[in-house]
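> Following the hints, position chain B against chain A.
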Amino acid sequence: MTAVKVISPGGYTTIQDRGRFGFQNMGIPVSGVLDAFAFTLANLLVGNPDNTPVMELTVMGPSLEIKKEMDIALTGAKMGLRVNDSPVEQWTSIRVRPGDLVTIGQVQAGCRAYLAFGGGIRVPEIMGSFSTYVGGKIGGFKGRPLQKEDVLETGDFPLLTRVRAIPESFIPAYPSEAVIRAIPGPQAEYFDTGLKTLFQSEYSVTVKADRMGYRLQGNPISIKQGMPKSIVSEPSMPGSIQIPADEQPIILLVEQTVGGYAKIATVISSDLPLVAQTTPGDTLWFECVDLKTAHALILDEKNRLHAVKTRLEAL
Amino acid sequence: MGKKQEMPWVWRLAGDTGLIVEFGEGIDPAVNARVRSVAAAVKKTPPDGVIEIIPTYRSLLLVYEPLKTRPEKLVNFIEQFDTAVLDEDAGPFKRVDIPVCYGKEFGPDIETVAKTAGLSTEEVIKRHAAPDYLIYMVGFTPGFPFLGGLDEKLFTPRLKTPRMVVPQGSVGIANNQTGIYPIASPGGWQIIGRTPLTLFAPRRENPFLYQAGDWIRFIPVSPEEYARLKEKEDRS
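Protein sequence lines correspond, in order, to chains A and B. Residue numbers for the first sequence, in our numbering: 1 to 315. Residue numbers for the second sequence, in our numbering: 1 to 236.
Think of the hints as simulated: they come from the structure by calculation, not from any bench. All values derive from a computational prediction rather than experimental measurement. Fair warning: there could be bad hints in the mix.
[To be verified] Derived DSS-like pairs (lysine-lysine); straight-line CA-CA distance at most 30 Å:
hint: 1; chain 1: A; residue 1: Lys229; chain 2: B; residue 2: Lys160
hint: 2; chain 1: B; residue 1: Lys160; chain 2: A; residue 2: Lys137
hint: 3; chain 1: A; residue 1: Lys78; chain 2: A; residue 2: Lys148
hint: 4; chain 1: A; residue 1: Lys224; chain 2: A; residue 2: Lys142
hint: 5; chain 1: A; residue 1: Lys148; chain 2: A; residue 2: Lys67
hint: 6; chain 1: A; residue 1: Lys137; chain 2: B; residue 2: Lys94
hint: 7; chain 1: B; residue 1: Lys160; chain 2: A; residue 2: Lys208
hint: 8; chain 1: A; residue 1: Lys292; chain 2: B; residue 2: Lys68
hint: 9; chain 1: A; residue 1: Lys137; chain 2: B; residue 2: Lys230
hint: 10; chain 1: B; residue 1: Lys160; chain 2: B; residue 2: Lys126
hint: 11; chain 1: A; residue 1: Lys302; chain 2: B; residue 2: Lys68
hint: 12; chain 1: B; residue 1: Lys230; chain 2: A; residue 2: Lys142
hint: 13; chain 1: B; residue 1: Lys73; chain 2: B; residue 2: Lys43
hint: 14; chain 1: B; residue 1: Lys160; chain 2: A; residue 2: Lys224
hint: 15; chain 1: B; residue 1: Lys43; chain 2: B; residue 2: Lys94
hint: 16; chain 1: B; residue 1: Lys232; chain 2: A; residue 2: Lys142
hint: 17; chain 1: B; residue 1: Lys230; chain 2: B; residue 2: Lys104
hint: 18; chain 1: B; residue 1: Lys115; chain 2: B; residue 2: Lys126
hint: 19; chain 1: B; residue 1: Lys43; chain 2: A; residue 2: Lys292
hint: 20; chain 1: B; residue 1: Lys115; chain 2: A; residue 2: Lys229
hint: 21; chain 1: A; residue 1: Lys196; chain 2: A; residue 2: Lys208
[Said to hold, decoys possible] Derived contacts from chain A toward chain B, CB cut-off under 10 Å, selection only:
hint: 22; residue: Phe21
hint: 23; residue: Phe23
hint: 24; residue: Phe157
hint: 25; residue: Pro158
hint: 26; residue: Thr161
hint: 27; residue: Glu234
hint: 28; residue: Thr266
hint: 29; residue: His295
hint: 30; residue: Leu299
Every residue gets a Cβ at the ideal spot worked out from N, C-alpha and C, and that includes glycine.
The following block holds chain A by itself, in its conformation from the complex (with noise of 0.2 Å):
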């Protein structure tokens, strides 16, 4: 049933699930959430199933007027979240009910929110996924980030009997200097003094940084003398690094399927929702990892969220 009205969208406010997987053949980006533990967080806080859809906002929330009474919660970057004025802690879930206004502020850290609704956001699943594609106009809602005036349902859904909030030691400081680890990517060979460059270098963030790719700004990474300066086109990862022609790096993202750039290295799975949540002007430096390690840190967190889960449900 009808759950909330938009009254202003905010930045670039998207439903975003976990991604649209098996159809990047065809052309298709995965798209979904960029930062994965908050958005599996959020929908613990609201007791729904793991990977239910939810709101992506960007730099600016949205507001939002309260059509149910449902429970909802905040994660992610940190946006000054108000319930008919009044200040609301972020990362615990909050009942809200017909008529409330709900404003999501400037980030004052951090770059994406996520925000969830006890039933989830109903939207049509299109291909395996409720997330939103925009530039192929699928997912979602419409097709298309959230604007003034749009009715979304959700589902219908039991309330909590009890406040659920993450403890303290598990909520992300979203600094904006971040240290994002990386294994060498595939055309690792095209570089040789490049790869010391980009593990020794400081990079910013640029303006260029969306859901396709962020753009970032340092010490210029050159291919080694006699290798071409393009690759066939390949498909790509969130999180290739690519070095252009103009020898900066771009970190790409999930609205990506294919590329002809040779990719230096690659932002191993755990770092992607710290590069997600840096802003223009933020600085990143890599660090060289391995698989091994990388596939460890995926299995930390998920240990991680495990022991988050059950403490949230023994509450």
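Relative to the frame of chain A, chain B by itself:
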């Protein structure tokens, strides 16, 4: 197993959830056939933990869940295939006819292509519509086919400044490649015509008309025929 020894497969790490296997160098129909046949075989019996199988010109990307499988396991799995046997299983591939209205407002760059080639626009159309084009891969945007087999006379460099919006259905040329824009998107290819067909229909039971390995032939149609077909498409 002889073929495999002649041209060793190269494995590359695409981060902590992706593995690329390269079957050869450059853009070559034989290498591409090998990519597609292995992709088809893997798709038939996908190993646990594999969530994407993405064939491109000369390589295949497997996206996997590291908590469900190990990269070494996937390498072993892929290397068991003898492509000589697989080629038959991958087909048969179909040919898809794509009606195209060439020139005028649908193909603003056809004069450029004609001038570059030293041909009349009629001759450009004739040559572009002559071959069966192999779909090497699909990507960039939903359903965008990268086609091989363009007449050498028609090779034309990309536009100096890409367009912000290329209309849906536009047929273009970029150097030795030709392709179709299934959705409106930015693009730098020389646009010579437009098809009335809907190449990407997410709600259709099969959202796409073709896949990598299929063949495309362009059928020239008049503006009247274009309008009639377009109306029919929009109604369905």
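> Does the structure keep B:Lys160 and A:Lys224 at a Cα separation of 30 Å or less?
Distance of about 27 Å is within 30 Å: holds.
> Under 10 Å is the threshold here; is the Cβ of A:Phe21 close enough to any Cβ of chain B for the hint to stand?
holds, 5 Å
> Would the pair B:Lys160 and A:Lys137 pass a check requiring their Cα atoms to be no farther apart than 30 Å?
holds, 27 Å
> Under the criterion of a CB-CB separation shorter than 10 Å, is A:Glu234 in contact with chain B as hinted?
With a minimum Cβ separation of about 5 Å from chain B (threshold 10 Å), the hint on A:Glu234 holds.
> Hint A:Leu299 vs chain B: min CB-CB distance below 10 Å?
At about 6 Å, which falls below the 10 Å cut-off, the nearest Cβ of chain B leaves the hint on A:Leu299 intact, so it holds.
> Quick one, are A:Lys292 and B:Lys68 close enough, alpha carbons at most 30 Å?
Between A:Lys292 and B:Lys68 the Cα gap is close to 15 Å, so the pair holds against 30 Å.
> Is the straight-line distance between the alpha-carbon of A:Lys137 and that of B:Lys94 30 Å or less?
The hint holds at about 28 Å.
> Interface hint check: A:Phe157, Cβ to nearest Cβ on chain B, cutoff 10 Å. Holds or violated?
Cβ of A:Phe157 sits 27 Å from chain B, so the hint is violated.
> For a C-alpha distance cap of 30 Å, please report whether B:Lys230 and A:Lys142 respect it.
holds, 23 Å
> Classify the hint on A:Phe23 as holds or violated, based on whether any CB of chain B lies nearer than 10 Å to its CB.
holds, 8 Å
> Could you check if A:Thr161 really has its C-beta closer than 10 Å to a C-beta on chain B?
Interface hint status for A:Thr161: violated (32 Å vs cutoff 10 Å).
> Is B:Lys43 within 30 Å of A:Lys292, Cα to Cα?
It holds: about 27 Å lies between the C-alpha atoms, which stays within 30 Å.
The earlier numbered hints that this structure contradicts are 4, 24, 25, 26.
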